[in-house]
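Novice: Protein chains in written order, with our numbering: chain A, 1 to 246; chain B, 1 to 389; chain C, 1 to 370.
Where hints are given, some of them may not hold.
[Stated by the list, open to error] Subject to a maximum C-alpha distance of 20 angstroms in a straight line, what follows is the list of computed EDC-like cross-link-like pairs (lysine to aspartate or glutamate):
hint	chain 1	residue 1	chain 2	residue 2
1	A	136	A	160
2	A	30	A	17
3	B	45	C	124
4	B	199	A	100
5	B	201	A	118
6	B	207	A	188
7	C	192	B	203
8	C	283	C	124
9	C	363	B	203
10	B	174	B	273
11	C	13	A	17
12	A	204	A	215
13	B	296	A	119
14	B	14	C	268
15	A	110	B	288
16	B	207	A	119
17	B	199	A	119
18	A	115	B	203
19	A	110	B	203
20	C	13	A	160
21	B	207	A	77
22	A	74	A	132
23	A	136	A	100
24	A	127	A	77
25	A	204	A	220
26	B	296	A	29
27	A	114	B	235
[As the list claims (entries may be wrong)] Computed footprint of chain A on chain B, listed as stretches where at least three residues anywhere in the stretch have a Cβ under 8 angstroms from a Cβ of chain A:
hint	stretch
28	205-217
29	295-306
Hints are computed from structural coordinates only; laboratory data are not their basis.
Ideal Cβ placement from N, Cα and C applies to all residues, glycine included.
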Amino acid sequence: MTEQVIQLEKVNKWYDDFHVLKDIDLFVEKGQRIVICGPSGSGKSTMIRCINRLEAHQEGKIVVHGTELTNDLKNIDLIRKNVGMVFQQFNLFPHLSVLDNIALAPIWVKKMPKKEAEEIAMSYLEKVKIPEQAEKFPGQLSGGQQQRVAIARSLAMNPDIMLFDEPTSALDPEMIKEVLDVMIQLAEEGMTMLVVTHEMGFAKTVADQMIFMDEGRIVEQAKPDEFFNNPKSDRTKLFLSQILNH
Amino acid sequence: MQTNFLRKLIFDEKSRSLLIQTLVIGLFALLIYLIAQQTAYNLEKRGISSGFDFLHVAAGYDISIRLIPFTSEDTHLRAYFVGLLNTLMIAICGCFLATIIGFLVGVIRLSSNWLFRNIAYVYVEFTRNVPVLVQIILYYSILLHLPKIKQAIVLFDSFYLTNRGLFSPQPIFKDGFSIVAWSLVIAIVASFFVKRFLKSKQEASGKQYPIFLINSAIIIFTPIIFYYIMGMPLEFDSPVLKGFNFKGGMVIRPEFMGMLFGLSIYTAAFISETVRSGIISVSKGQREASQALGLKSNLIMRLIIIPQALRVIIPPLTSQYLNLTKNSSLGIAIGYADLVHGFGGISLNQTGRAIEIMLIVMLTYLTISLTISFFMNIYNKSVQFKGNA
Amino acid sequence: MSSTAIQNISHNKYYNWLIRNLFSSWVNTLLTIIALIFIYQVGSFCLNWAIFAADFRYNFQGELITDRGLCSKNIMPGEYGACWAIIYARWDQFMYGLYPIEEAWRVNLVYALLPLAIIGILFDKIPFRKYFIYFTFVYPFIAYFMLYGGPGLSVVGTNKWGGLLVTLFLGVTGIGLAFPLSILLALGRRSKMPIIKSLCVVFIEFIRGVPLITLLFTANVMLPLFLPDGVNPDNLLRALVAVTLFQSAYMAEAIRGGLQAIPRGQVEAAQSLGLSYWQTTRKIVLPQALKIAIPPIVNTCIGLFKDTSLVLIIGLFDLLGIGRAALADMTWTKLYYEVYVFISLVFFIFCFGMSRYSLYLEKKLKTDNS
Numbered sequence: 001m002t003e004q005v006i007q008l009e010k011v012n013k014w015y016d017d018f019h020v021l022k023d024i025d026l027f028v029e030k031g032q033r034i035v036i037c038g039p040s041g042s043g044k045s046t047m048i049r050c051i052n053r054l055e056a057h058q059e060g061k062i063v064v065h066g067t068e069l070t071n072d073l074k075n076i077d078l079i080r081k082n083v084g085m086v087f088q089q090f091n092l093f094p095h096l097s098v099l100d101n102i103a104l105a106p107i108w109v110k111k112m113p114k115k116e117a118e119e120i121a122m123s124y125l126e127k128v129k130i131p132e133q134a135e136k137f138p139g140q141l142s143g144g145q146q147q148r149v150a151i152a153r154s155l156a157m158n159p160d161i162m163l164f165d166e167p168t169s170a171l172d173p174e175m176i177k178e179v180l181d182v183m184i185q186l187a188e189e190g191m192t193m194l195v196v197t198h199e200m201g202f203a204k205t206v207a208d209q210m211i212f213m214d215e216g217r218i219v220e221q222a223k224p225d226e227f228f229n230n231p232k233s234d235r236t237k238l239f240l241s242q243i244l245n246h
Numbered sequence: 001m002q003t004n005f006l007r008k009l010i011f012d013e014k015s016r017s018l019l020i021q022t023l024v025i026g027l028f029a030l031l032i033y034l035i036a037q038q039t040a041y042n043l044e045k046r047g048i049s050s051g052f053d054f055l056h057v058a059a060g061y062d063i064s065i066r067l068i069p070f071t072s073e074d075t076h077l078r079a080y081f082v083g084l085l086n087t088l089m090i091a092i093c094g095c096f097l098a099t100i101i102g103f104l105v106g107v108i109r110l111s112s113n114w115l116f117r118n119i120a121y122v123y124v125e126f127t128r129n130v131p132v133l134v135q136i137i138l139y140y141s142i143l144l145h146l147p148k149i150k151q152a153i154v155l156f157d158s159f160y161l162t163n164r165g166l167f168s169p170q171p172i173f174k175d176g177f178s179i180v181a182w183s184l185v186i187a188i189v190a191s192f193f194v195k196r197f198l199k200s201k202q203e204a205s206g207k208q209y210p211i212f213l214i215n216s217a218i219i220i221f222t223p224i225i226f227y228y229i230m231g232m233p234l235e236f237d238s239p240v241l242k243g244f245n246f247k248g249g250m251v252i253r254p255e256f257m258g259m260l261f262g263l264s265i266y267t268a269a270f271i272s273e274t275v276r277s278g279i280i281s282v283s284k285g286q287r288e289a290s291q292a293l294g295l296k297s298n299l300i301m302r303l304i305i306i307p308q309a310l311r312v313i314i315p316p317l318t319s320q321y322l323n324l325t326k327n328s329s330l331g332i333a334i335g336y337a338d339l340v341h342g343f344g345g346i347s348l349n350q351t352g353r354a355i356e357i358m359l360i361v362m363l364t365y366l367t368i369s370l371t372i373s374f375f376m377n378i379y380n381k382s383v384q385f386k387g388n389a
Numbered sequence: 001m002s003s004t005a006i007q008n009i010s011h012n013k014y015y016n017w018l019i020r021n022l023f024s025s026w027v028n029t030l031l032t033i034i035a036l037i038f039i040y041q042v043g044s045f046c047l048n049w050a051i052f053a054a055d056f057r058y059n060f061q062g063e064l065i066t067d068r069g070l071c072s073k074n075i076m077p078g079e080y081g082a083c084w085a086i087i088y089a090r091w092d093q094f095m096y097g098l099y100p101i102e103e104a105w106r107v108n109l110v111y112a113l114l115p116l117a118i119i120g121i122l123f124d125k126i127p128f129r130k131y132f133i134y135f136t137f138v139y140p141f142i143a144y145f146m147l148y149g150g151p152g153l154s155v156v157g158t159n160k161w162g163g164l165l166v167t168l169f170l171g172v173t174g175i176g177l178a179f180p181l182s183i184l185l186a187l188g189r190r191s192k193m194p195i196i197k198s199l200c201v202v203f204i205e206f207i208r209g210v211p212l213i214t215l216l217f218t219a220n221v222m223l224p225l226f227l228p229d230g231v232n233p234d235n236l237l238r239a240l241v242a243v244t245l246f247q248s249a250y251m252a253e254a255i256r257g258g259l260q261a262i263p264r265g266q267v268e269a270a271q272s273l274g275l276s277y278w279q280t281t282r283k284i285v286l287p288q289a290l291k292i293a294i295p296p297i298v299n300t301c302i303g304l305f306k307d308t309s310l311v312l313i314i315g316l317f318d319l320l321g322i323g324r325a326a327l328a329d330m331t332w333t334k335l336y337y338e339v340y341v342f343i344s345l346v347f348f349i350f351c352f353g354m355s356r357y358s359l360y361l362e363k364k365l366k367t368d369n370s
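Generate the whole structure from the sequences, applying the supplied hints.
Specialist: The structure is reproduced here in structure tokens:
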């Protein structure tokens, strides 16, 4: 039995009186790739943002790598060092070069010497296949390239877990593949990944667990085979029919 | 053939534009010529001579606020420089004070406390919607109604606030003070080298050094140490009440203070809005991405938010500085001896050379404006985000 | 303290708002207390001074105040607040200047019709908008006739105009005249013809680089020198010229911003349909550009309105000038707080109103376009 790296137990979250996460139970093992899908507003982004405390939960327990997520800033910092996040809007730092974007966190959070950080940054740039863009600025890159830089930026901190919040939703169709390829490669290397996405092709290739969320609840969780061919819940069936036919 | 040529003239784009431009230039030149003719005629009729020779004639009036010596026997040209220096002095002091207040209020407007945010908002809205001249005159009136000299308000034992101004001790620089001043300059230069040295060490090892603190200490303590080494070469001539006036010391006139408060408080309101919108303009995602990477709050501010915010803040900030400099011309309303009041006002009345004097005054302001805009453009170009973003 | 550490503990959004905005931490709570104390002290002092302990027309003994000596605060120092009697006493001057009182009804009529004249341009969803816009074009003539005089009405020279009349006259007329001029300047600045472009650039940058006071001086002193004999515009007109030129330069820049925001595709589409330059500009580019540029344009108008106060320096009696004159009168001297607070309030009402309108417009633009 592989170790559990993320545990969400009975997690509930409200925005004032709007109940956005309802009794979420989720257990992620090391090396698992979990794809989360569902209609917009279902709480999937909120859920993964709770894992690195970009959002705070009100009830329940979240444990990441043995550290419980509470108001304690030390715990939060520890967890964030080990969890990487890739955003839908990339969120690269426009005033820094690509290389500086990636090297920033290793220098200032891990207190690495600049040269070492830059070497690590270059190696990850090569990994996402755009080493020649190192001195360029985010504004000079295409969407697909920017997102790959964003992935390299998170990887440079050597996280054990990577969270992806709709990483390809803001990309033009011809650039989606280059980003998905990087993510597939990551998965093959054994990274623990939670991916919120609508890309079902990717899910079928890479996921070992599919999760369907609706109205704040995890409605269905199953292996991809079962999930796509034999969904149990009606809502899942409806969602799949909408998303797979277009 | 003639009609063809004419047609071509009107309908061909290039020749049409040439035609229009020639017409415009022609009309413009005609207008200038007519006005010049009329003006020359009018001037002659009124017996007003022209030319710039008046600049070397004695001014015949005193200027109470001045940074360089001036008496009524000095020339109008010198009066121009006194006025210019006064304008620059109030502009620099005003911009300095306005920036401090403006940034402070701007930050308060972003505070998480609703009450503080809105108190600042009330200040901003009230100040922005009332003419600066009204505010200047109001502050000046208040300052004019401070107690008379004999009942002065005493601050810190040596400052006297009266309706004739703030009387304060005047620093007298003895021999050896220049060494203290030089030590400060050397300390500042040294701090650049210290910063470079420590920064490269930091990059090489990853260890963080408190560069700002170290440099601040160097800049503050070096002159202090030299001051004591040189035997404290600084004396203060304190104002002493003799009869109906103070003797000794120096005085900051209510005209200056009225302008300073009026201009600073007014401009600060606009600066605070600029600062606030600059910081807001940095998208939320930047902060989230930084947090997700594990960066601490103060580093997020320093490395990510402020650099991006400054790019947005500085252009409108310099335009506010320009506004303040132009508004300093309102000194004439309360008798502050700026360029417009002395040279543009009194000199003009005395010599009658309205055109020449106004021309000089306007060109002066124009030069200041264009200079500041020029440097601002250079700054703007250098910090543009490279690329299309 | 990161915002993620603040939790919403309850489901009541009002309680949560209070916690988040006022009591989220010890520091915040302390600030709230300080702020409440500050508001109470300052607020009660101001209200007291301005209303509760203030004289309006009569003092505490019931006498009509005709002289500052009769103000309660001068009879019993330390116990009373503002003496607003000066405003009452000088009300006519504040509103009309030295306009003859029997004819003041004409000014009142002009004031009353002003909202009707501008409502057509400000709001586009009102009923009968077409008629209001017709009225907008007719109003200047009516107003001029009413204010100045002519057949049937006695002539009141502009040297008798003062106070709010002068302020509004300069502001409204300045904006109205500057608007078409600024459109021409903005278009000219973007022109491909170098002569026209340079002339516009030089004009705009010159005006924007000098203080308004120098332009007012220039107009005041130099305009008579430029014009032939017999043509002697009165002081108010000279100020109007300076103010109009000043405003046109700033407005032109605001409009230019709007023009720059129109994608080139619009012009290209119009040209491929065969529209001429002027047709394209009038029907396609300008309407869109002006819509976008209205918030900055309103900002320049607010600036202009405030700047009309500068005419006191050239001897015209706008609202501020009347205020100063009132204080010079021995009967009322030293009541400077009252006068300047009143003047500030009047300006505030107009300028704040304009800025609220600008915000309303910005919101409308966002929802229109998105």
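Novice: Which numbered hints are broken by the structure, listed smallest first?
Specialist: 1, 2, 3, 6, 7, 9, 10, 12, 13, 20, 22, 24, 26 and 27
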